[in-house]
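This is what each chain is made of:
There are 2 protein chains.
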Amino acid sequence: MKALEEKIIAEGKVCPGHILKVGSFLNQRLDTDFLFEMGREIYRLFENENVTKIVTVEASGIAIAMAAAFYFHVPAVFAKKGKSSNVTGDVYVSNVHSYTYNKDFNVIIAKEYVSSDDRVLIVDDFLATGEAVTGLADIVKQAGATLVGVCAAIEKGFQKGGDRLREKGIRVESLAIIEEMDDESIRFRT
Amino acid sequence: MKALEEKIIAEGKVCPGHILKVGSFLNQRLDTDFLFEMGREIYRLFENENVTKIVTVEASGIAIAMAAAFYFHVPAVFAKKGKSSNVTGDVYVSNVHSYTYNKDFNVIIAKEYVSSDDRVLIVDDFLATGEAVTGLADIVKQAGATLVGVCAAIEKGFQKGGDRLREKGIRVESLAIIEEMDDESIRFRT
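If you read the protein sequences in the order shown, they are chains F and E.
Per numbering that gives the first Met the number 0, residue 0 is the first one in the first sequence, and the count goes up by one each step.
Per numbering that gives the first Met the number 0, residue 0 is the first one in the second sequence, and the count goes up by one each step.
Read the hints as simulated data drawn from the structure, not as lab findings.
Do not rely on the hints blindly, as some may be mistaken.
Said to hold, decoys possible - The list that follows gives simulated cross-link-like pairs (lysine to any residue, SDA-like), each with its CA atoms no further than 20 Å apart:
1) K12/E with H17/F
2) K20/F with K12/E
3) K20/E with D89/F
4) K12/F with S184/E
5) K110/F with S23/E
6) K80/F with D89/E
7) K159/F with H17/F
8) K20/F with S184/E
9) K80/E with K159/F
10) K20/F with M180/F
11) K80/E with Y100/F
12) K110/E with C14/F
13) K80/E with S97/F
14) K20/E with Q158/F
15) K140/F with K167/F
16) K1/E with S184/E
17) K140/F with V92/F
18) K102/F with G81/E
19) K20/F with D89/E
20) K12/F with D89/E
21) K12/F with N101/E
22) K80/F with K102/E
23) K20/E with V90/F
24) K20/E with M180/E
25) K167/F with M180/F
26) K110/E with D30/F
27) K80/F with S23/E
28) K80/E with R186/F
29) K110/F with L19/E
30) K80/F with G81/E
31) K20/F with Q158/F
32) K80/F with K1/E
Claimed, not checked - In silico contact screen, one side only, chain F against chain E (beta carbon under 8 Å); selected entries:
33) L19
34) G22
35) Q27
36) R28
37) L29
38) D30
39) E57
40) M65
Backbone N, C-alpha and C fix where the C-beta goes; we use that ideal spot for every residue, glycine too.
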């Protein structure tokens, strides 16, 4: 998505540890109109897949998931991280390692919110090592639902998570794929 | 908002500790079309206030904030809770006590995302004791911005947070205000 690549160049900040900060439009400050443009693009990519549910993980995945869900007119479900006293009863749980925070956490979704009838599209803001998405895909599998694909706003191609998922036969689309980045420049996969 | 009251009656579950679970449409599972109906109602209530920014707090406020922001065509900014290694540099911080989790946490917004020119509408899923909103209002004040009002999807009127904010002269609108609730019934403020 050309407009997203331009936005990353204009507003993104590359920080140590392979961190790309896009707090000005995708995290913390949400550039509403632009997020809905991204949501429409996600819909365009997956509109023929009969998606019944969008699944993401809190907190920064919620905005882009909502923007996509708006066009699909399907519910969005966000996994909670760690333990939460507000999620009780029967839940699906999968363990995830966060490289950003260098610790393990659980992604948790109440069983009642994903069923075996669902055709699930996983949406997230970033796809890097792919651990979070792998955890969500595991929950989709536990539920007996069908995973139709994964769509990240920004994929850090050099961290290989997206390609590992593709090698497993999962359809992974990302609106922008960063092949290389440093303080000086950001190069996208073409 | 009559449709919301009906939805709460149909799908809400009252749990011990004054907790109302609405995970089927407002938390965890997001009923997309219904959330955008709520967003449109928030716009109707505040459309003449020249809102320039919607402010909420992660995670469960993000969905309703996005739905409202869609109609205002303004950015939404969500405060992060606690410490976050992804928020660095100059930040506004306010301390909040969570009665749900019985602990203190900080709400944090990077200074660059709220400015003194902003006319801020605070949006959240729940308004109960009002601690979270008070923390966000404090950040709006620290930024020198104008707080045009507060809009919660569901206000627990019996916990008095909304009324305390009203007594301070803040315009507080809630799409549904629960006056009393127990296992048997939920009564709304009329």
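Evaluation of the provided hints:
no., hint, result
1, K12/E with H17/F, "violated (43 Å)"
2, K20/F with K12/E, "violated (39 Å)"
3, K20/E with D89/F, "holds (15 Å)"
4, K12/F with S184/E, "violated (51 Å)"
5, K110/F with S23/E, "holds (11 Å)"
6, K80/F with D89/E, "violated (26 Å)"
7, K159/F with H17/F, "holds (13 Å)"
8, K20/F with S184/E, "violated (47 Å)"
9, K80/E with K159/F, "violated (30 Å)"
10, K20/F with M180/F, "holds (12 Å)"
11, K80/E with Y100/F, "holds (15 Å)"
12, K110/E with C14/F, "holds (18 Å)"
13, K80/E with S97/F, "holds (18 Å)"
14, K20/E with Q158/F, "violated (38 Å)"
15, K140/F with K167/F, "holds (14 Å)"
16, K1/E with S184/E, "holds (16 Å)"
17, K140/F with V92/F, "holds (11 Å)"
18, K102/F with G81/E, "holds (16 Å)"
19, K20/F with D89/E, "holds (15 Å)"
20, K12/F with D89/E, "holds (15 Å)"
21, K12/F with N101/E, "violated (36 Å)"
22, K80/F with K102/E, "holds (18 Å)"
23, K20/E with V90/F, "holds (15 Å)"
24, K20/E with M180/E, "holds (12 Å)"
25, K167/F with M180/F, "violated (26 Å)"
26, K110/E with D30/F, "holds (16 Å)"
27, K80/F with S23/E, "holds (18 Å)"
28, K80/E with R186/F, "violated (33 Å)"
29, K110/F with L19/E, "holds (19 Å)"
30, K80/F with G81/E, "holds (14 Å)"
31, K20/F with Q158/F, "holds (16 Å)"
32, K80/F with K1/E, "violated (33 Å)"
33, L19, "violated (11 Å)"
34, G22, "holds (6 Å)"
35, Q27, "holds (6 Å)"
36, R28, "holds (4 Å)"
37, L29, "holds (4 Å)"
38, D30, "holds (6 Å)"
39, E57, "holds (4 Å)"
40, M65, "holds (5 Å)"
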